[in-house]
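J.: So the sequence lines, in the order shown, correspond to chains E and V. Here my numbering is used: the first residue of the first sequence is 1, the next is one more, and so on. Here my numbering is used: the first residue of the second sequence is 1, the next is one more, and so on.
Hints are computed from structural coordinates only; laboratory data are not their basis.
Calculated pairs, DSS-like style, for lysine-lysine (alpha carbon to alpha carbon, straight line, at most 27 Å):
(1) Lys124/E to Lys210/V
(2) Lys219/V to Lys298/V
(3) Lys155/E to Lys219/E
(4) Lys46/V to Lys185/V
(5) Lys272/V to Lys288/V
(6) Lys356/V to Lys272/V
(7) Lys2/E to Lys185/V
(8) Lys120/E to Lys210/V
(9) Lys214/E to Lys173/V
(10) Lys120/E to Lys2/E
(11) Lys207/V to Lys124/E
(12) Lys120/E to Lys207/V
(13) Lys210/V to Lys89/E
(14) Lys185/V to Lys214/E
(15) Lys173/V to Lys35/V
(16) Lys185/V to Lys89/E
(17) Lys281/V to Lys356/V
Calculated from the model, a selection of chain E residues having no Cβ within reach of chain V, i.e. all distances over 10 Å:
(18) Arg33
(19) Ser36
(20) Asp150
(21) Thr170
(22) Asp195
Remember, it's a predicted structure, so these values are computed and weren't measured experimentally. By construction, the Cβ of each residue, glycine as well, lies at the ideal position given by its N, Cα and C atoms.
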Amino acid sequence: MKLDFATRELTIKLVYYGPALSGKTTNLQALHRIASPDATGRLMTLETRDDRTLFFDLLPLTFQDQSGLSVRLKVFTVPGQVIHASTRKLVVQGSDGIVFVADSRLSETQNNADSFMDLKENLKEHGMNLRQLPLVIQFNKRDMPDVRSDEEIAKLAAQGREPVYLAVATRGSGVVESFIGLLHLTWSALDAEHDLNRKFGFDSDAFLAEVAQKLGAKKKLPELLSACVGGALDVLRPEEAAPLR
Amino acid sequence: MSATAAEKTFDELTLGESVQLEDLVDRAALAEMTKSFFDLFRIPLKIFSESGVLLADASEPQALYTYLGTLRQARGALQDVVGTVKAINPGRDGEVTHPDATGAAYRIVAISYDGRRIGRLILGPFLPHNVTEVPRSLNELDPEIDKTKARALLFQLPRAREETVAQIARHLKRTLDLILFSGHKSLLTTNMHLSAVREGYRELQEKNQKLQQAYDRLKELDRLKSNFLATVSHELRTPLTSIIGYSEMLFEGIAGDMSEEQREFVRTIHEKGEQLLELIKGLLDLSKLESGTMNMRKRNVDVAPLVEDVAATLQPAARKKGVELSVDIDGPLTGLWGDPDRLRQVLLNLSENALKFTPPSGQVTLLARNTSMEAAADQEAAGFVLLGTRRPAVELRVADTGIGIPNSERVRVFDAFYQVDSSSTREQGGTGLGLSIVKRLVEAHDGTVRIEDNTPKGTVFVVTIPCRRATIA
Numbered sequence: 001m002k003l004d005f006a007t008r009e010l011t012i013k014l015v016y017y018g019p020a021l022s023g024k025t026t027n028l029q030a031l032h033r034i035a036s037p038d039a040t041g042r043l044m045t046l047e048t049r050d051d052r053t054l055f056f057d058l059l060p061l062t063f064q065d066q067s068g069l070s071v072r073l074k075v076f077t078v079p080g081q082v083i084h085a086s087t088r089k090l091v092v093q094g095s096d097g098i099v100f101v102a103d104s105r106l107s108e109t110q111n112n113a114d115s116f117m118d119l120k121e122n123l124k125e126h127g128m129n130l131r132q133l134p135l136v137i138q139f140n141k142r143d144m145p146d147v148r149s150d151e152e153i154a155k156l157a158a159q160g161r162e163p164v165y166l167a168v169a170t171r172g173s174g175v176v177e178s179f180i181g182l183l184h185l186t187w188s189a190l191d192a193e194h195d196l197n198r199k200f201g202f203d204s205d206a207f208l209a210e211v212a213q214k215l216g217a218k219k220k221l222p223e224l225l226s227a228c229v230g231g232a233l234d235v236l237r238p239e240e241a242a243p244l245r
Numbered sequence: 001m002s003a004t005a006a007e008k009t010f011d012e013l014t015l016g017e018s019v020q021l022e023d024l025v026d027r028a029a030l031a032e033m034t035k036s037f038f039d040l041f042r043i044p045l046k047i048f049s050e051s052g053v054l055l056a057d058a059s060e061p062q063a064l065y066t067y068l069g070t071l072r073q074a075r076g077a078l079q080d081v082v083g084t085v086k087a088i089n090p091g092r093d094g095e096v097t098h099p100d101a102t103g104a105a106y107r108i109v110a111i112s113y114d115g116r117r118i119g120r121l122i123l124g125p126f127l128p129h130n131v132t133e134v135p136r137s138l139n140e141l142d143p144e145i146d147k148t149k150a151r152a153l154l155f156q157l158p159r160a161r162e163e164t165v166a167q168i169a170r171h172l173k174r175t176l177d178l179i180l181f182s183g184h185k186s187l188l189t190t191n192m193h194l195s196a197v198r199e200g201y202r203e204l205q206e207k208n209q210k211l212q213q214a215y216d217r218l219k220e221l222d223r224l225k226s227n228f229l230a231t232v233s234h235e236l237r238t239p240l241t242s243i244i245g246y247s248e249m250l251f252e253g254i255a256g257d258m259s260e261e262q263r264e265f266v267r268t269i270h271e272k273g274e275q276l277l278e279l280i281k282g283l284l285d286l287s288k289l290e291s292g293t294m295n296m297r298k299r300n301v302d303v304a305p306l307v308e309d310v311a312a313t314l315q316p317a318a319r320k321k322g323v324e325l326s327v328d329i330d331g332p333l334t335g336l337w338g339d340p341d342r343l344r345q346v347l348l349n350l351s352e353n354a355l356k357f358t359p360p361s362g363q364v365t366l367l368a369r370n371t372s373m374e375a376a377a378d379q380e381a382a383g384f385v386l387l388g389t390r391r392p393a394v395e396l397r398v399a400d401t402g403i404g405i406p407n408s409e410r411v412r413v414f415d416a417f418y419q420v421d422s423s424s425t426r427e428q429g430g431t432g433l434g435l436s437i438v439k440r441l442v443e444a445h446d447g448t449v450r451i452e453d454n455t456p457k458g459t460v461f462v463v464t465i466p467c468r469r470a471t472i473a
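Excised from the complex, chain V in its bound form (with noise of 0.2 Å):
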């Protein structure tokens, strides 16, 4: 597979997997590079990546090698010269020399990167400074060959001290290595740019899917509420209301005079008739809650008023049932974020059943103030040093002077249809749903509700409801 560098991952560049010389350097600017070397120093020098390209050579046809060349023998040996020091092994990160039969010298150097060997420098041939002598080995090379003339064109080569070559190799690594890291550098760079546009576009894409999905769903969901909606409303409602109204009219006396007792039957028709029109609007409620197709049209709400508001709706009622409703609103409440209909209705729901099961000249309080609240704990465990903080919040409570809840109900009162004492249902009335409804509103408003004792009797309902978090996105 010939993956170019810009589709490598992310790990593959970075853990170093396959780092490629050819990746990292520019083969015209390498090839510059080794030219001025060469310029300096005038010994050859090849630079190969580790599969054995060869990347850039800077030398000059030496004349004692176009000599030998000319030498059937000798062409021979100093080919197979050539594949030797090329398959030489320097090591992860080491260097050799290696002497040819010319008395000539080859210095084969690692080019490690991030611990690993990506190519090789070969430096030479240049004839080491303590050769004075011609080696047997050159003379031997062809049988043909002119000893003078080979001794003569081998001190043509260049020469250099091993400890001068070796130094050389050294700074060439270094400035190799420098220009690796900018390559390596500017690579990751142009890569992460790459990766950042695509998982860019990659988000983008896939919001927009999702959003096409959620809106035909909703679409869908639409249509069967519609649907739901509107068979419940017709098929319940309509007889319900005939009901309603038919034993109302039956009740003003319109068909007719009716016995006391008769009025007694059809007063409570009409009031039963009532309860069950609340039960099915509260069962409406609850389905929507549930299936999460509620709206919740959430913004900044005024706490106040909407205590305020509660407070006057059941005044009449309250003063009827000879109880003291009073409102204690403490501090200025901001920031509390819900849908202010939804939190009426909470309120609402809590306030009628404290009255309720309040009996007369008993008192229902409604208190409103700031707090603050645990943040919900994290389901992984994890972080909860830099989480287990607290975040504002506001505090409702309804309070009640009634006959108070045990605590081992305390948590079952909240399921649908639950009473605490199925007797008391008879006495007081009410559908068993209330509760239910107003935990589940609590809860998609991330609050929390729950039950206290109020001294000397009675309960309070707890119901904390965050405020808006302040993010710095």
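So here's chain E without its partners, still in its complex pose (with noise of 0.2 Å):
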């Protein structure tokens, strides 16, 4: 996060994180896609040949409070491909809020867990840990044959901490939700953290329901929050968090 009293302006870095081909690039088209020109830039892809993300997609969405505090997120995907793990490191450094796209397909399994342990080193050697930066998993390809099923991962969310969000990010569902469930938690922790809301006169609420009209969403914001199955949508407070290990 950066802030800058003079300008007003906050920065949010979130970054879409998971296993090769899960979805993360597909994720970021459809908010671009949905989202209301006023409020999006142009999203760049730093692509290969064969249309895999080389290094990071990076996405920017500025969206302007009442109370005249300007919001920028920057929003990155992280290259999937295990060779380009330098390049993961880089980008999940200082990020505020972390969408994990898990691929959904039960042959995939072992490569969403190895991708979250991936994170977990990344965030690790950054000195943050997911204790304390909001998390939310997306479990994308909902449409595909083979997959796990909904009462597995709801059975399995229900063990967990984070929110878990089922999505078919090709046609667009279960995108905003996600990207919403996550701006939440992180605007609570920041706020938690930095007491944004009362810096500014914040209205978060306010600001998540614009954001989600921003993002063509038709739902209101309590549904489109209580989409998710599994985990918390409530932050740990800094102090009630167990120190780093």
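Two chains, each in its own frame: build the complex with the hints.
T.: Below, the structure is given as structure tokens:
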């Protein structure tokens, strides 16, 4: 997060993480497609010839709160392939929240787990950990055959701490829900740490509702937020979180 | 600090903190583009960076301004105008038209990128379409002005409708935006390439350094270990070997006949000596496991022969005690990843234990089968939904029909020197080290060991060792 008091600008960094070909870029493309033109800039994709992300994608979104605070969201993806480890480490640095995009297919279970361990490892190297960092998990590709069932995900998600969303990013389904879920968690975490709502007279619910509207969401905010299975949408305050191990 | 683009951090570049027009465009190319605009519309065009540096200038001297420049008072007034125009703030992303004293106007347009102004472009001077008369301000610029000449020159200025100029400005802005976007993109790409290489180099350096440190440490440890082992084996084993050897000789009557009672005493000395030797060996193992210096030579382990070998080793002892020792191997057991010698030790310790606590005509069974185990619980409890999956494993069970272990004791039996019932030690013998060695060996294989009930009586030790994880790396 970067806060510029002089220009009343707040820059927040969100990262879409996950194994190769799980649909991180597709998520960003969907967001870019549906976001209203005054809120989004160009989607920058640094891609290879074979259509996979080489370094990262970057989608800038800008929202103006009634209080006059300009919130600039920089949404990144990382390259999923194992070989791009150093790029992932670089991109994940300084992020304020993570959407982990998992591939729902049973055959991808191990890849999901490996990528998640990789995320934790990379965060650890930057002195961050998932106890403090807002995280939502998205199970993408729900329309594919041989996927983990809704019931199974719900059962596992109920044991976990982070909200889990189901999505078909190619059709844009679940994309906004995951994004709003993460933004909510991220904002709560930043507010808990920096007292932003009070300092800026910021109304976070109104802000989230506006973001949702600018992203063309048809549902109301509470409905969007409750689209997750399992996990908790409330945030640990720093003093409650266990110290770094 | 004059950081070049390549030295900026990833955050600075991507979060738009310090993107500068100068970094994103090539000056020569920008000059070419502005010239082409000028050729097309004949309206002078200047591009300034946010810090006020003139990056491109496409204009021809206008006769009116050249003439006014020859007049002392007018020259001063016009210099002020240029200064004023440069200082005009068009806002973050807006545009402003500013007329000067001659009746001509300037269009000042913000060049913004990613929601921030990074420069200005200034179109003009041009004569707005609606100016048909010479404004009084032009004639009043200088007392010595030649009004007829000024009028003629004024109408030689490039003329344009304000809307047209606004359109031109918009078009220019869009073109520039595209150039800026491409420039930013290639700047980032270059930077990422550099960072990736730098990171790769750093990682290699770090690894090298760690390897060197590990190597130095290992050398030191190796020296210490050798010293320690030499001391222990010399200081403890040598006298012990003498004790065992002499007691054996005494027992065999080499030093003369002994009474039955004397022979019994000597036999006890001999037995306890052997026990002490075992204890020393166990302690050595344990200290190695605890200090992490136990060498594990892990490879694919063929489980079936391992189990059968342990059974064969213990068969004579079992037969002597009248205990039935059997082996049950279920299915082909492949993929177990471990140190076969250490796994053999685990199985042998457990089986010896089972044999020891099983009364005559009891049974001890060694079972092996494929299974799966829960991946270890995560310390941060995050991502359970992704990680809480099972992985294949091999399960080794040693079942006896002995005295059993009460529930409350099942955790503590793995502590070093712990005995469930110290009275049984005297009866059954044993050092109390076997199970703690088993537990540490199993843990060194990422496995688990637990105790279950055997029905109708007895104990089952269940060891689960994971198979090698298939990785995608």
